[in-house]
Amino acid sequence: MTVKNADVYQYLRHEKKFPLIWCSGCGNGIILGSMIRAIDSLGIAKDKTAIVSGIGCSGRVSTYMDFNTLHTTHGRALAFATGLKLARPELTVMVAMGDGDALAIGGNHFIHAARRNIDLTAIIFNNSIYGMTGGQISPTTPRGSIASTARMGNIESPFDIAKLGEAAGAAFVARGSTYHTDELDELMVLALRKKGFSVLEVVTPCPTIFGRYNRLGSAVNMLKQQRDSLVSMHDAGNMSAEELQGKVSLGILADYDKPEFCEEYEKLIERAHKA
Amino acid sequence: MLSKRTKVKYTEKKKKSKYPKVSFFIFDKWCKRCGICVELCTHKVFITDEEGYPRAVKPIECNRCGFCVSRCPDFALQIIEGRGEEEERNRKL
Ligand SMILES: Cc1ncc(C[n+]2csc(CCOP(=O)(O)OP(=O)(O)O)c2C)c(N)n1
Ligand code: SF4
Ligand code: SF4
Ligand code: SF4
Numbered sequence: 003m004t005v006k007n008a009d010v011y012q013y014l015r016h017e018k019k020f021p022l023i024w025c026s027g028c029g030n031g032i033i034l035g036s037m038i039r040a041i042d043s044l045g046i047a048k049d050k051t052a053i054v055s056g057i058g059c060s061g062r063v064s065t066y067m068d069f070n071t072l073h074t075t076h077g078r079a080l081a082f083a084t085g086l087k088l089a090r091p092e093l094t095v096m097v098a099m100g101d102g103d104a105l106a107i108g109g110n111h112f113i114h115a116a117r118r119n120i121d122l123t124a125i126i127f128n129n130s131i132y133g134m135t136g137g138q139i140s141p142t143t144p145r146g147s148i149a150s151t152a153r154m155g156n157i158e159s160p161f162d163i164a165k166l167g168e169a170a171g172a173a174f175v176a177r178g179s180t181y182h183t184d185e186l187d188e189l190m191v192l193a194l195r196k197k198g199f200s201v202l203e204v205v206t207p208c209p210t211i212f213g214r215y216n217r218l219g220s221a222v223n224m225l226k227q228q229r230d231s232l233v234s235m236h237d238a239g240n241m242s243a244e245e246l247q248g249k250v251s252l253g254i255l256a257d258y259d260k261p262e263f264c265e266e267y268e269k270l271i272e273r274a275h276k277a
Numbered sequence: 900m901l902s903k904r905t906k907v908k909y910t911e912k913k914k915k916s917k918y919p920k921v922s923f924f925i926f927d928k929w930c931k932r933c934g935i936c937v938e939l940c941t942h943k944v945f946i947t948d949e950e951g952y953p954r955a956v957k958p959i960e961c962n963r964c965g966f967c968v969s970r971c972p973d974f975a976l977q978i979i980e981g982r983g984e985e986e987e988r989n990r991k992l
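Protein sequences appear in the order of chains A and B. Under the numbering used here, read the first sequence as residues 3 to 277, first letter to last. Under the numbering used here, read the second sequence as residues 900 to 992, first letter to last.
So that you can see chain A by itself, here it is in the shape it has in the complex (with noise of 0.2 Å):
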């Protein structure tokens, strides 16, 4: 028996792949121990289980994942996830993207996703910045913060990616972070179960680059910060309105039942068929 499901193993190709690529301390990896714990602990089989990925720091994921992996092109992933998730119907299908993959680049892709509401589970990793690139502004780049194309602070306000994605039309929108990682495994199994499209945000420290331009210190610090700044699910009900003032809360931030894109397909062909 290992603590906290150390079998991970099974489903990473570590015999190739690893060490890891990412820097000492980002949080991808941990993001991906996550994904991984989540599918083991619904029984999905690796057959059945696709893992669509973008391109960046977060979408090397798919590189160590030993499931159906489809590393794509940047900002397209949800594209060629819509187009896997309507031919193999059948599959669970993951899409892990970079904050600047999923709503920059690919935004359009995100919101008429979401608004299609088909079965896909987005994971969007927050690192509040363009890793791979070397620190341009993304779309969720706080007001203020330093970036390389923002040596003087951010003038531009972030997207609320929980309120994007509920507005077009996602079915479930949940807020994780890398410190709070039973949590984050909760989430990650209930995105997974939810019909419809589910968007989970997990706010992840890229110390390397976010960190060193606006000062935030090592991973450990920034980990901190996560906990210092944000409010889990479990807390949030014991906490008087001033104690929640200027945090940003964890946990389901949205949840409805609507009309699947995939069944509503299968329900159309049945009916031209009849026709």
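Treat the hints with care, as some may be off.
Derived DMTMM-like pairs (lysine to aspartate or glutamate); straight-line CA-CA distance at most 20 Å [claimed, not checked]: (1) A:Lys-18 x B:Asp-927; (2) A:Lys-226 x B:Glu-980; (3) B:Lys-917 x B:Glu-980; (4) A:Lys-249 x A:Asp-121; (5) A:Lys-19 x B:Asp-927; (6) A:Lys-276 x A:Glu-266; (7) B:Lys-928 x A:Asp-9; (8) A:Lys-165 x A:Asp-257.
Computed footprint of chain B on chain A; a stretch qualifies when at least three of its residues, placed anywhere within it, have a C-beta under 8 Å from a C-beta of chain B [as the list claims (entries may be wrong)]: (9) 26–39; (10) 167–176; (11) 216–226.
Below, a sample of chain A positions facing chain B; criterion: calculated Cβ distance under 8 Å [said to hold, decoys possible]: (12) Thr-4; (13) Thr-183; (14) Leu-232.
Keep in mind the hints are simulated off the structure, nothing from the lab. In this text, a Cβ means the ideal position worked out from N, Cα and C, and glycines have one as well.
Fit chain B with the ligands to the known structure of chain A by using the hints.
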């Protein structure tokens, strides 16, 4: 083969642990010495050795919350209940 493991011998024999015995495996080849496991363990189970790698020096204090395992970004840490000898032998990783 999984990269080289360092098994820390369970030394504190006199003190009785509240918790069942666990063994720590740290895969130095994958560990990037970020210090997350060392700093965020609320039970101060780890120290950092002179090269910067974590070492589980007080396994007796571990309450098996599992946070060090789930927060290790590099899959370099594994905790096994008991002495872990069987896992060591059967590991077909
Ligand atoms: C079509 C296209 N445009 C631009 C790029 C360059 N590019 C590679 S990764 C990236 C951004 C990565 O940022 P993000 O999606 O936030 O992921 P992160 O690296 O932070 O995980 C860009 C702009 C590309 N590879 N392809
Ligand atoms: S640049 Fe940032 S996101 Fe990319 S691997 Fe390094 S820490 Fe992670
Ligand atoms: S399982 Fe918990 S108590 Fe034990 S070493 Fe890890 S973080 Fe510390
Ligand atoms: S968290 Fe993992 S990578 Fe970081 S020091 Fe501990 S064992 Fe090494």
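Going down the list of hints, with the structure as the test:
{"no.": "1", "hint": "A:Lys-18 x B:Asp-927", "result": "holds (17 Å)"}
{"no.": "2", "hint": "A:Lys-226 x B:Glu-980", "result": "violated (28 Å)"}
{"no.": "3", "hint": "B:Lys-917 x B:Glu-980", "result": "holds (14 Å)"}
{"no.": "4", "hint": "A:Lys-249 x A:Asp-121", "result": "violated (31 Å)"}
{"no.": "5", "hint": "A:Lys-19 x B:Asp-927", "result": "holds (16 Å)"}
{"no.": "6", "hint": "A:Lys-276 x A:Glu-266", "result": "holds (15 Å)"}
{"no.": "7", "hint": "B:Lys-928 x A:Asp-9", "result": "holds (19 Å)"}
{"no.": "8", "hint": "A:Lys-165 x A:Asp-257", "result": "holds (12 Å)"}
{"no.": "9", "hint": "26–39", "result": "holds (count 10)"}
{"no.": "10", "hint": "167–176", "result": "violated (count 0)"}
{"no.": "11", "hint": "216–226", "result": "holds (count 5)"}
{"no.": "12", "hint": "Thr-4", "result": "holds (5 Å)"}
{"no.": "13", "hint": "Thr-183", "result": "holds (4 Å)"}
{"no.": "14", "hint": "Leu-232", "result": "violated (14 Å)"}
In this structure, the hints that do not hold are numbers 2, 4, 10 and 14, in rising order.
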